[in-house]
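Single-letter residue listing:
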Amino acid sequence: MRGFDAILVEKRDLTHGTTGRYHGLLHSGGRYAVKDPQAAVECIEENRILRRIMPHCIEDTGGFFVVTPWDDPDYVPRFVDGCRRAGIPVEEVPVDQMLREEPLLNPHISHCFRVPDAAADSFLATEANAESARQHGARIWTYHEVTRLVRQGDHVVGAVCHDLVKDEEVHIHADLLVNAAGAWAGQIAAMAGVEVNIIPGKGVMVAMAHRVVNTVVNRCKLPSDGDIIVPIHTVAVIGTTDVKVSDPEHFPIEPWEIALMLAEGEKLVPGLKQMRVLRAWAGVRPLYQETVVADTRDVTRAYTLLDHETRDGLRGLITITGGKWTTYRQMAQVTVDRVCEKFGVERHCRTHEEPLPGAERAEYHWLGAPLARVERERAYGRLVCECELATEEDVIRAITEGQARTIDDIRRDVRLGMGPCQGGFCTYRAAGIWHALRRPRVTETNVALRDFLQERWKGLLPVLHGQQLRQERLDELIYLSVLNADHLPGPTVSPLAPVMYEPAGGTQRDGPST
Amino acid sequence: MNTWPVELTLDNCIKCTICVTACPVAAVTDRFPGPKYEGPQAARFRHAGQPTPDHSVDYCSGCRVCNMVCPTGVRIAEINARARASMVAQGALSWRTRLRNNVLARPETLGRWGYRVAPLLNALLHSTWARAAAHVLLGIDRRAPLPTLVREPFTMWFHGRPTPRGAKRRVIYFHGCSTQYYEPRVGRAAVRLLEAHGFEVIVPPQTCCGLPLLSNGEFEAARALYRDNVRRLVGYARQGYPIVGTSTSCTLTLKEEAPELLDIHDDDARLLAERTFDLSEFLVSLAEEGESTPVDLQPVARRALYHAPCQYRAHRLGAPSLELLRRIPELDLVESRADCCGIAGTYGFKREKYDIAMRVGRPLFDQVRESGVSVVICDSETCRWQLAHATGVPAVHPVELLAKAYGV
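Residue numbers (our numbering), protein chains in the order written: chain A, 177 to 690; chain B, 1066 to 1473.
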């Protein structure tokens, strides 16, 4: 937008990292009102802007902060005061009214406050940003993993990437390199020989199979584990833990984390433990601190811009890190401001003014929209993913226009396989469409199918109990017994398969064990 | 967990699709995508605070075949009924459709004043031009089997007769609208049969059970009727009297449908549900407890087909009517192999659904014709009307044949 010739490289698909693995909250800032006022201010500012530029990616659920019998009522005045200071609109809602709106919430909640939290679809939002960037001339190269940075003296002049699809090296020469690799930012900086101390803070989230609540519900207390439920699309996500890990790529989801999420969720919604759990996932927060800290909850959620020229005497490299999904735009703004400064040009930021592609109708997303579309188009006979209502046309578009490289890429575009059956009934259908359109070797389709099943399985393994266990047994019969998926010809796994939740040693366990 | 809203049972769905393969409606029309789609799937996209996205769920007939075959216990039919109620509450149906639905769903209203001028009204309502007008203007299909009003409602007969003496125990009879205004012969047979079993039959004032309104999404009107019935009947339940009905859908409504759909789970509702029985269920339980007086049943030399209505199977009782009918000497019984006759209460009366209903019922109609029976036996009134209409074979309630066999 500001006239630079830009290339974005991403080691997998866009949102493969933390962006695609968070709970889907558009922060009002209320969560940080007391503890992290700077982050709170950033959140409410961006909350207002994102509602304007990408309403189609946001569901205006509103948010509650509730005081349960387990929470300290003395926090309430501090919370209200913190919100007022940060400029976050806050109003008390009578508990009766709260229960009318959210009948499953704990009736023993004593106070409830409404804030402008919302749910945000980070897959769609990222796609809208990417599309906007493309329209402005940017090139976006996915499945390009940076293997080293090219340094000439004290100047970074480019990067060497590995194209995972073609399995070849790609050299990029650049006047300036922006390191926005999130939890991987420390690794990228290290390639240039500078130290950026990123603490990968793992957060585990548990999705319930249906919308237990339609409003974001936070515990009114200092942020801690399992104190929030976010209704996003058709699920409700309980978040999160915060565990320091040594590697942003290899970390397990541990049983105590699931148990803790459900136990805390039960305090907000009695009976929650009997409801069906959809899956679990974990993302890593890119927490930045100049000094080493013990507890990642204490690290600020505000963002940090590091100009390595002033910080380390290394030209051609800027690192932007820390922050939240909610503040991504502001992070980009200050980064590009600095880029302009570096090049000695004065071009103003417009990202807070211009709506993103897809926002033309200026309407928020609403839960029933996919069903309304299927009903209107009578597309119910053409559903590929029945749970999330992805039609054949949607899947074809994701493959042809969306340039999907894997079935998991289709998932991120159209929510394929994200519902209660977790790919049980759509994976083979999607693989069939994929094969018909792309005409790859049969072995390639086989491995694409296996990759996706493995990806779904990894998020199911930690929650295999109750109804989801029953579901998984049926899915197992479909794929292993009927379709013989694990013995089909072809490699077991492809190089494009996502790497996740596999302990590679070195995981620190800071949390309580159960 | 049993007082949780029925929608939460969607969590049980494992997408196995058994319901879709069993659904009689999805099998014959593309307008209904099937129970899995409407129930556990679409329910995840519904939100009380948002405009309803539904259209196709209105094509659910509510027959509950899906519930019966679901291996994991999803209350699909109830989820669908509540989705339709949201459509109604949010004005997603046109005023004309709602007017039509209300005309069909309030049999009592017509009956209450209509019986006084029954011959005139019957001639009027069944005339070709009136049916054509109702077809075009209201959307009540001109071919649908409208019943005929009687001049003497059931209760007029009941209260006009001398009370039999010598009864040792009491039973409360819930007659329902159909027995009251269209088929009092069913009520007369039921009363005589119960009296033959040594009961004093009490028929307290009562209103429509509300099921037609429930299945048309008119929940608030249904709530008023249901509350009224609870108020009138719970006293008898509290005294321990059984409340017995001949209309399987009315008794199912009092037992289960109304409390569940309307989220009424108070003690009175529970007590009434516990004390309500279908007549055949009641008679079989008497026999099991050894309380029925063994009598020599008179033979009924006929070949008859018995069809258990969907609403009866939803009681989950097995087939008590069949058990009773089998005791009748010389009654040559053919069992229905079909799931549903198609009418599903008011569904098959609607212009846009009449053909669907007839297609749903076709296997049953064929069986009736091919088996060469002279009478069809069915516990539910609208099913009887549909069967008689589609096959030309007269249809009766089991109690009518039983009364005959008992010689009462």
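Just so you know, the hints here were simulated from the structure itself, not pulled from any lab data.
Keep in mind that this is a model prediction, so the values were computed, not measured.
Please note that a few of the clues may not be correct.
For the chain B half of the interface with chain A, some residues (derived, Cβ under 10 Å), not all of them [stated by the list, open to error]: (1) W1069; (2) K1101; (3) H1330; (4) E1339.
Using C-beta positions, here's what the derived DEER-type ranges look like [to be verified]: (5) B:P1116 <-> A:E267: 56 to 62 Å; (6) B:I1083 <-> A:R315: 36 to 42 Å; (7) A:E539 <-> B:D1431: 49 to 55 Å; (8) B:T1213 <-> A:L640: 58 to 64 Å; (9) B:Q1155 <-> A:P283: 52 to 58 Å; (10) B:D1431 <-> A:E577: 55 to 61 Å; (11) B:D1431 <-> A:P671: 45 to 51 Å; (12) A:G489 <-> B:P1116: 56 to 62 Å; (13) B:P1116 <-> A:V618: 18 to 24 Å; (14) B:T1213 <-> A:P446: 41 to 47 Å.
According to the in silico footprint, chain B covers these stretches of chain A (three or more CB under 8 Å from chain B) [claimed, not checked]: (15) 326 to 339; (16) 380 to 388; (17) 440 to 452; (18) 558 to 570; (19) 637 to 649.
Backbone N, C-alpha and C define an ideal beta-carbon position, used for all residues, glycine too.
* **Claimed coverage, the segment 637 to 649 of chain A by chain B - three or more beta carbons nearer than 8 Å** => holds (count 3)
* To do: Go ahead and decide if the range 56 to 62 Å is satisfied by the Cβ distance of A:G489 to B:P1116.
  => 60 Å, holds
* Asked: How does the Cβ-Cβ distance of A:E539 and B:D1431 compare with 49 to 55 Å: does it lie in that range?
  -> 51 Å Cβ-Cβ, so the 49 to 55 Å window holds.
* Minimum beta-carbon distance criterion (10 Å), B:K1101 to chain A -> 7 Å, holds
* Asked: Are B:I1083 and A:R315 spaced within 36 to 42 Å by their CB atoms?
  -> 50 Å, violated
* Mind checking the hinted window 45 to 51 Å against the Cβ distance between B:D1431 and A:P671? => 60 Å, violated
* **Cβ separation of B:D1431 and A:E577, checked against the hinted range 55 to 61 Å** => 50 Å, violated
* Asked: Quick check: the segment 326 to 339 of chain A, covered by chain B? Criterion 3+ residues, Cβ under 8 Å.
  -> That given contact is violated, which follows from only 0 residues of the segment 326 to 339 of chain A lying within Cβ reach (below 8 Å) of chain B.
* State whether the coverage of the segment 440 to 452 of chain A by chain B holds or is violated, taking the criterion as 3 or more residues with Cβ-Cβ distances under 8 Å. => holds (count 4)
* Asked: When you take the CB atoms of B:P1116 and A:V618, is the distance between them in 18 to 24 Å?
  -> Check failed, 46 Å falls outside 18 to 24 Å.
* State, for the Cβ atoms of B:P1116 and A:E267, whether the hinted interval 56 to 62 Å holds or is violated. => 25 Å, violated
* To do: Using 10 Å as the Cβ threshold, decide whether B:H1330 counts as touching chain A.
  => Status violated, d = 14 Å.
In this structure, the earlier hints numbered 3, 4, 5, 6, 9, 10, 11, 13, 14, 15 are contradicted, and the remaining ones agree with it.
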